[in-house]
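Participant: Line order of the protein sequences matches chains A and B.
One point on numbering: in this note's numbering, the residue at position 139 of the first sequence is 139, and numbering is uninterrupted.
One point on numbering: in this note's numbering, the residue at position 203 of the second sequence is 203, and numbering is uninterrupted.
Source of the hints: derived by calculation from the structure; they are not laboratory data.
Note that this is a predicted model, so its numbers are computed, not measured.
Note that the Cβ used here is the ideal one computed from N, Cα and C, for glycine as well.
Accuracy of the hints is not assured; some may be wrong.
[What the hints assert, rightly or not] The list that follows gives simulated cross-link-like pairs (lysine to aspartate or glutamate, EDC-like), each with its CA atoms no further than 20 Å apart:
no., chain 1, residue 1, chain 2, residue 2
1, B, Lys94, A, Asp122
2, A, Lys26, B, Glu57
3, B, Lys16, A, Asp39
4, A, Lys159, B, Glu33
5, A, Lys60, B, Glu59
6, B, Lys3, A, Asp8
7, A, Lys26, B, Asp139
8, B, Lys175, B, Glu14
9, A, Lys160, B, Glu14
10, A, Lys159, B, Asp165
11, A, Lys94, A, Asp44
12, B, Lys3, A, Asp122
13, B, Lys175, B, Glu57
14, A, Lys135, B, Glu96
15, A, Lys160, B, Asp165
16, A, Lys60, B, Glu33
17, B, Lys16, A, Glu35
18, B, Lys7, A, Glu9
19, B, Lys16, A, Glu9
20, B, Lys3, A, Glu35
21, A, Lys26, B, Glu14
22, B, Lys175, A, Asp157
23, B, Lys123, B, Glu135
24, B, Lys3, A, Glu9
25, B, Lys3, A, Asp39
26, B, Lys142, A, Glu134
27, A, Lys33, B, Glu14
28, A, Lys33, B, Asp146
29, A, Lys135, B, Asp165
[Unchecked claim] Label-pair distances were calculated between CB atoms; the ranges are:
no., chain 1, residue 1, chain 2, residue 2, range
30, B, Tyr90, A, Leu77, 25 to 35 Å
31, B, Leu183, A, Arg25, 31 to 41 Å
32, A, Val28, B, Pro121, 24 to 34 Å
33, A, Glu125, B, Asp165, 28 to 38 Å
34, B, Leu180, A, Leu192, 25 to 35 Å
35, B, Met196, A, Glu115, 55 to 65 Å
36, A, Leu5, B, Leu202, 32 to 42 Å
37, A, Leu183, B, Leu202, 18 to 28 Å
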Amino acid sequence: MVESLGIDEIKMLFWGGPIAIILDRKNVLQLRKVEPMRDFFVNDMGVFMVDSQTQYRHGKQLLSFYNSHDTGIARELSKKIHELYMKKKFLSLKKLLLITYPEYLDNKEFTNIHEILQMLVDRQEHHAIDIDTEKYLPYYRAYNPISIKRLNEVCNDAKKSVDNMNPLLKNAMPFGIMVIGGLIGVALIQNLPKWIREISGSFGG
Amino acid sequence: MGKFALKGHFPILEFKLMRGPMVFLKVGDRQIEIRKANRIQGKYFQTQEGIFELEGEYEYRLMGQSCYIHNLYNSKPISLSGIEKIQRLYRNNKAELVTKELDRINTAIQSATGMGAYVDPIKAMKEIQKHTPDELSRDDQKFLVDYKTFDKDDLKLLNIQKMTDKRVHSGMSTKVSAILPMLILMGGVMGTIVAMRFFNPLYLFGWG
Numbered sequence: 001m002v003e004s005l006g007i008d009e010i011k012m013l014f015w016g017g018p019i020a021i022i023l024d025r026k027n028v029l030q031l032r033k034v035e036p037m038r039d040f041f042v043n044d045m046g047v048f049m050v051d052s053q054t055q056y057r058h059g060k061q062l063l064s065f066y067n068s069h070d071t072g073i074a075r076e077l078s079k080k081i082h083e084l085y086m087k088k089k090f091l092s093l094k095k096l097l098l099i100t101y102p103e104y105l106d107n108k109e110f111t112n113i114h115e116i117l118q119m120l121v122d123r124q125e126h127h128a129i130d131i132d133t134e135k136y137l138p139y140y141r142a143y144n145p146i147s148i149k150r151l152n153e154v155c156n157d158a159k160k161s162v163d164n165m166n167p168l169l170k171n172a173m174p175f176g177i178m179v180i181g182g183l184i185g186v187a188l189i190q191n192l193p194k195w196i197r198e199i200s201g202s203f204g205g
Numbered sequence: 001m002g003k004f005a006l007k008g009h010f011p012i013l014e015f016k017l018m019r020g021p022m023v024f025l026k027v028g029d030r031q032i033e034i035r036k037a038n039r040i041q042g043k044y045f046q047t048q049e050g051i052f053e054l055e056g057e058y059e060y061r062l063m064g065q066s067c068y069i070h071n072l073y074n075s076k077p078i079s080l081s082g083i084e085k086i087q088r089l090y091r092n093n094k095a096e097l098v099t100k101e102l103d104r105i106n107t108a109i110q111s112a113t114g115m116g117a118y119v120d121p122i123k124a125m126k127e128i129q130k131h132t133p134d135e136l137s138r139d140d141q142k143f144l145v146d147y148k149t150f151d152k153d154d155l156k157l158l159n160i161q162k163m164t165d166k167r168v169h170s171g172m173s174t175k176v177s178a179i180l181p182m183l184i185l186m187g188g189v190m191g192t193i194v195a196m197r198f199f200n201p202l203y204l205f206g207w208g
């Protein structure tokens with residue numbers, strides 16, 4: 001059964017900015033907008049760090065993976081943190097962060113707000129996860145060596161067939177917009193004389 | 001500032017509405033493609049690039065939909081917490097732990113099998129579990145084992161089936177793009193056009 005869309009998801013229907021996929025608990029992922037505060041961003045799962053080296057691209061949209069490690073704050077609080085940062089009210093933000101995260105922020109002297117955010121990220125382990133496994137794990141192919149030649153042929157045939165079956169939707173999109181524009185234009189051309197006649201009729205009557 | 005996108009962004013509606021598991025496939029150069037996995041023989045899915053395995057242990061749930069994370073260069077799904085642990089060890093200058101563990105896994109699998117013999121998983125696992133570094137949990141170790149091994153016998157069967165299959169392109173898992181939001185907008189426009197047919201919008205400006 002399809003679950004209904006949440007408010008966050010509806011808000012993201014036309015969101016082209018960066019997004020974060022965050023491991024919430026056990027195997028549940030959450031999708032969140034990334035509204036950066038320099039190298040950091042905040043949401044109801046805590047403060048996270050943006051790392052340009054682990055940002056992947058889905059089309060042109062940036063996408064990163066994180067693990068929340070079961071940390072979470074109230075949504076209103078995360079909005080407040082973001083708001084204070086954007087308004088550059090760093091002293092108020094520092095106070096708020098010290099109240100919110102007393103277990104992570106000890107009485108160390110901080111020279112700027114980014115040090116506090118960095119410490120939060122380090123202690124909560126909210127760094128981006130790099131899924132580029134070639135970096136860490138040796139390369140291991142799935143193919144059966146005996147069948148690789150045949151499989152390549154099959155895949156090439158399949159590619160051609162799929163390409164034939166599937167006219168590129170990317171090309172269809174601008175075309176769709178043009179069709180919509182054309183239809184509206186035709187509707188206007190068809191109806192405009194009628195509307196003008198109606199108006200002149202109403203003036204005359 | 002919000003960024004409005006009509007296409008090329010994350011396909012939320014498609015992701016939610018499509019049947020079957022979705023896959024985040026990392027292709028070359030930091031590109032991610034979202035694909036709908038058509039299960040073959042219950043545990044594989046095939047793309048133009050190769051065959052990948054779906055393993056329930058590494059399944060995630062996103063917006064109520066089941067999903068997997070794959071890298072193009074490995075047929076096995078990625079465990080986010082597993083790869084995060086490995087990354088942390090690298091960050092803390094303990095990369096040799098991972099390398100040693102991978103070497104131990106290789107040796108255990110080879111000594112359990114011998115040359116070309118049947119893999120006895122119990123012997124291999126017994127060998128692997130003898131010494132687990134404190135920094136690695138059992139789950140991390142299991143992820144490394146899973147990542148290193150692949151069920152070649154089942155894949156062989158799949159390959160044989162593909163060789164004899166007439167419709168080679170059947171069951172191919174293809175890319176999913178965000179189309180539905182665009183269709184919703186188009187629906188709105190069409191509705192407006194129909195409304196314009198019966199209602200003169202110039203009345204709105206007080207001209208009538």
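Participant: Now, for every hint given, state plainly whether the structure supports it.
Facilitator: Going down the list of hints, with the structure as the test:
Of the pairs offered as hints, the one joining lysine 94 (chain B) and aspartate 122 (chain A) holds, with about 17 Å between alpha carbons and a cut-off of 20 Å not exceeded. Using a Cα cut-off of 20 Å, the hinted pair lysine 26 (chain A) and glutamate 57 (chain B) holds, with the two alpha carbons roughly 11 Å apart. Proximity of lysine 16 (chain B) to aspartate 39 (chain A) is assessed by CA-CA distance (about 30 Å); at most 20 Å being required, the pair is judged violated. For the hint linking lysine 159 (chain A) to glutamate 33 (chain B), the alpha-carbon distance of about 16 Å falls within 20 Å, and the restraint holds.
Restraint check for lysine 60 (chain A) and glutamate 59 (chain B): not satisfied, since their Cα atoms lie roughly 26 Å apart, outside the 20 Å limit. Between lysine 3 (chain B) and aspartate 8 (chain A), the direct Cα distance comes to roughly 15 Å. Compliance with the 20 Å bound is thereby established for this hinted pair. For the suggested pair lysine 26 (chain A) and aspartate 139 (chain B), the alpha carbons sit about 12 Å apart, so the restraint of at most 20 Å is met. About 11 Å separates the Cα atoms of lysine 175 (chain B) and glutamate 14 (chain B), which keeps this hinted pair within 20 Å; it holds.
With a CA separation close to 25 Å, the supplied pair lysine 160 (chain A) and glutamate 14 (chain B) exceeds the 20 Å bound. Only pairs whose Cα atoms come within 20 Å are accepted, and lysine 159 (chain A) paired with aspartate 165 (chain B) is accepted, the gap being roughly 15 Å. Taking the CA atoms of lysine 94 (chain A) and aspartate 44 (chain A), the gap is near 18 Å; set against the 20 Å cutoff, the hint holds. Distance check on the hinted pair: lysine 3 (chain B) and aspartate 122 (chain A) sit about 29 Å apart at the alpha-carbon level, beyond 20 Å; violated.
Taking the CA atoms of lysine 175 (chain B) and glutamate 57 (chain B), the gap is about 24 Å. The hint is violated against a cut of 20 Å. A threshold of 20 Å between alpha carbons decides the hint, and for lysine 135 (chain A) with glutamate 96 (chain B) the separation of about 14 Å falls inside it, so the pair holds. Proposed proximity of lysine 160 (chain A) and aspartate 165 (chain B) is supported: the alpha carbons are some 16 Å apart, at most 20 Å. Taken as a hint, the lysine 60 (chain A) and glutamate 33 (chain B) pair is honoured in the structure, with Cα atoms around 11 Å apart against an allowance of 20 Å.
Under the criterion of a C-alpha separation no larger than 20 Å, the hint pairing lysine 16 (chain B) with glutamate 35 (chain A) is inconsistent with the structure, at around 24 Å. A hinted pair counts as satisfied when its Cα atoms are at most 20 Å apart, and lysine 7 (chain B) with glutamate 9 (chain A) qualifies at roughly 16 Å. For the given pair, lysine 16 (chain B) sits about 10 Å from glutamate 9 (chain A) by alpha-carbon distance, which is consistent with the 20 Å threshold. With a CA separation close to 10 Å, the supplied pair lysine 3 (chain B) and glutamate 35 (chain A) stays within the 20 Å bound.
Under the criterion of a C-alpha separation no larger than 20 Å, the hint pairing lysine 26 (chain A) with glutamate 14 (chain B) is inconsistent with the structure, at around 24 Å. Under the criterion of a C-alpha separation no larger than 20 Å, the hint pairing lysine 175 (chain B) with aspartate 157 (chain A) is consistent with the structure, at around 18 Å. Among the hinted pairs, lysine 123 (chain B) with glutamate 135 (chain B) is inconsistent with the structure: their alpha-carbon atoms are about 24 Å apart, more than 20 Å. The straight-line distance between the Cα atoms of lysine 3 (chain B) and glutamate 9 (chain A) is roughly 15 Å, inside the 20 Å bound, and the hint therefore holds.
Using a Cα cut-off of 20 Å, the hinted pair lysine 3 (chain B) and aspartate 39 (chain A) holds, with the two alpha carbons roughly 18 Å apart. The straight-line distance between the Cα atoms of lysine 142 (chain B) and glutamate 134 (chain A) is roughly 18 Å, inside the 20 Å bound, and the hint therefore holds. As the CA atoms of lysine 33 (chain A) and glutamate 14 (chain B) are separated by approximately 18 Å, the hinted pair is consistent with the 20 Å bound. About 32 Å separates the Cα atoms of lysine 33 (chain A) and aspartate 146 (chain B), which puts this hinted pair outside 20 Å; it is violated.
Taken as a hint, the lysine 135 (chain A) and aspartate 165 (chain B) pair is broken in the structure, with Cα atoms around 37 Å apart against an allowance of 20 Å. Range check, tyrosine 90 (chain B) to leucine 77 (chain A): about 33 Å between beta-carbon atoms, so the 25 to 35 Å window is met. Hint check: leucine 183 (chain B) to arginine 25 (chain A), Cβ distance near 34 Å, so the stated range 31 to 41 Å holds. Between valine 28 (chain A) and proline 121 (chain B), the C-beta spacing of about 30 Å keeps the proposed range 24 to 34 Å intact.
One distance hint, 28 to 38 Å for the beta-carbon pair glutamate 125 (chain A) and aspartate 165 (chain B), is violated here, with the actual separation near 47 Å. In this structure the hint that leucine 180 (chain B) and leucine 192 (chain A) lie 25 to 35 Å apart at CB holds, the actual value being about 33 Å. Between methionine 196 (chain B) and glutamate 115 (chain A) the beta carbons are some 59 Å apart, a value that agrees with the proposed interval 55 to 65 Å. For leucine 5 (chain A) and leucine 202 (chain B), the hinted distance range of 32 to 42 Å is satisfied, since their beta carbons lie about 37 Å from each other.
Roughly 19 Å separates the CB atoms of leucine 183 (chain A) and leucine 202 (chain B), a value that falls within the hinted 18 to 28 Å.
In this structure, the hints that do not hold are numbers 3, 5, 9, 12, 13, 17, 21, 23, 28, 29 and 33, in rising order.
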